[in-house]
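Number of protein chains: 2
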Amino acid sequence: MAAMAAGVDVGGTKIEVVLIDATGTIVARTRRATPHLITEPAGAATASVIAEALFELLGDDSSLPVGLGLPGMMTHAGVLAYAPNLPSGNGADFVHLMETHRPGQRFVCANDADCAAVAEHAAGSARGFNDFLMVTLGTGIGGGLFSGGKLVRGSNGFAGEIGHVVVDPRGPRCPCGNRGCWERFASGAGVARLAREAAIAGRLPHLVEQVGDPELIRGEDVTRAAQEGLPEALAVVDEVGWWLALGVANMAAILDIGRVVIGGGLTQAASLLIPAARKHLDGMVEGGEVRPPIEIVAAHFGEQAGAIGAGFLAAQTYP
Amino acid sequence: MAAMAAGVDVGGTKIEVVLIDATGTIVARTRRATPHLITEPAGAATASVIAEALFELLGDDSSLPVGLGLPGMMTHAGVLAYAPNLPSGNGADFVHLMETHRPGQRFVCANDADCAAVAEHAAGSARGFNDFLMVTLGTGIGGGLFSGGKLVRGSNGFAGEIGHVVVDPRGPRCPCGNRGCWERFASGAGVARLAREAAIAGRLPHLVEQVGDPELIRGEDVTRAAQEGLPEALAVVDEVGWWLALGVANMAAILDIGRVVIGGGLTQAASLLIPAARKHLDGMVEGGEVRPPIEIVAAHFGEQAGAIGAGFLAAQTYP
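Listed in order, the protein sequences are those of chains V and L.
In terms of the working numbering, the first sequence opens at residue 745 and continues consecutively.
In terms of the working numbering, the second sequence opens at residue 745 and continues consecutively.
Only chain V is shown next, with the shape it has when bound in the complex (with noise of 0.2 Å):
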């Protein structure tokens, strides 16, 4: 099938560009790092590098609709108003400063987990769902949001920082100021901080004499021992799985979501954290006897949702 749009997920270390098709397809890509490089006006280096790649692609064809996915918070206007892994492009406008390079081309910036669940919902895990919540499982927690068959955007286009929700305001600090975020339990980093707690608590023994020392456990070290089946790794992966179903359980009693779908960059992890979560979900949900269950299913398009979301925004933005 012809390319349809093109789609760009910006991430804190790489920019992955791809064509796609009416289906959702990849037809065409490419890939290039990140630079973070701090110019004037903000995130032009990265437009830059972004128009080197669409050209790589496009040639100087400007007919197919472009859409960018961020890793900040997106404001209504297209700012970048708060990007921490992206700080060279924090109050950039970068649909501006692509028209620069691409004249005549149309662009359209979201929040990379928003694109990820347009690419969900329009083709993939949450098709015909109009309430499903879209995580993305990184060092962090993402966010999108679908109610009623529309992505929520919010009062100023910053809904969806998941990852924020304090679930224990006494646990451990996170870099947005507050204590005890979601994202300090159920991400990458969660995985990590939970691996190294239990090794030193002295509940990782077969890891912790492979690595020799308790303090160098990473949450790879727990990750693959969990698939190959090491109780004691599975336990670790068990207590992330219980706080990721925790906070699925809190956007369900405030959003009433049919489904959630789990994508991101922790893929391997997520297929352990997946059925740990599903196993603690039922039993954390508010009237959970007179709902449905939620069911918790696995991104159709992985780590390319936000590529191929873009992709998908792009196509509904200019159809």
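Calculated directly from the structure, the hints in this document are not laboratory data.
Do not take every clue at face value.
Derived SDA-like pairs (lysine to any residue); straight-line CA-CA distance at most 25 Å [as the list claims (entries may be wrong)]:
| hint | chain 1 | residue 1 | chain 2 | residue 2 |
| --- | --- | --- | --- | --- |
| 1 | V | K894 | V | R850 |
| 2 | L | K894 | V | I770 |
| 3 | V | K894 | L | F873 |
| 4 | V | K894 | L | W986 |
| 5 | L | K1023 | V | G924 |
| 6 | L | K1023 | V | G915 |
| 7 | L | K894 | V | G924 |
| 8 | L | K894 | V | Q1060 |
| 9 | V | K894 | L | R871 |
| 10 | L | K894 | V | G892 |
| 11 | L | K1023 | V | R923 |
| 12 | V | K1023 | L | G921 |
| 13 | V | K894 | L | H820 |
| 14 | V | K894 | L | G921 |
| 15 | V | K894 | L | T883 |
| 16 | L | K894 | V | H820 |
| 17 | V | K758 | V | P785 |
| 18 | V | K894 | L | G822 |
| 19 | V | K894 | L | Q1060 |
| 20 | V | K894 | L | T819 |
| 21 | L | K1023 | L | P1036 |
| 22 | L | K1023 | V | R914 |
| 23 | L | K894 | V | T1061 |
| 24 | L | K894 | V | G872 |
| 25 | L | K1023 | L | T883 |
| 26 | L | K894 | V | R871 |
| 27 | V | K894 | L | T1061 |
Given chain V's structure and the hints, the job is docking chain L onto it.
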């Protein structure tokens, strides 16, 4: 102005029935005690009492639409699926029940906090706000959410159960089965519990001297003393305000609400809690430096927001 609709607020102890005009002003009202008779079909005794109250205000006139606000989780089909404070109504289809009493009259049902949100959005403190949160403080916490100018209903109709967001998994048990639900801290029950804890811990010496026994300290004792300016009571109010702010910050992270409207039966306490919550909120909201501050305001319609909102909902449903 002429009456536009009737609104009924069914609470755990009383049923409030009002006629409102297009501005939301009450033009007639009456009140009944809520019957708690388990009947077949469910809710029949309550429906009879509502019918009697409507007859008092409307006689046989069936021209006005009637809205019912009900204390529990309502399905999209209008069934009261889960009502811990009105067990006799569990499973009731109140539209159907009311139609048998008053054939020809048009009825609509919704969750009571959703009704309050509709009232505040239509003609109260949330007028002009497309994204806002209605918090009804009573013994527990109810919620109504607007996103993009629309009431968030969710996949089953159960959205807005914000009192059951877990904010402290090691916290006190909640009747819902979880631990540390928000309403264990920031509601009437929260004031009572934190007051008692403070008394037992020796942090309310003057109040305990008055009451005689730390175990007998009630929420009202603290609220009254705080209104009189007693520092030790103000400290408890400040603690409850901190929890109120924490839950609001959570909701802001998820939904990016522009305003929070506080209503419900805890009106007197709310006048103390709102300033206390305001004080703590700003530092708690992620990306607070790039968002406009979130205003926390009192409900314009006060305790009547539920009944008035039920009337607005009826007028909106049957324009």
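*Return the numbers of the hints above that this structure violates; sort them in rising order.*
Numbers 2, 4, 7, 14 and 15, in rising order.
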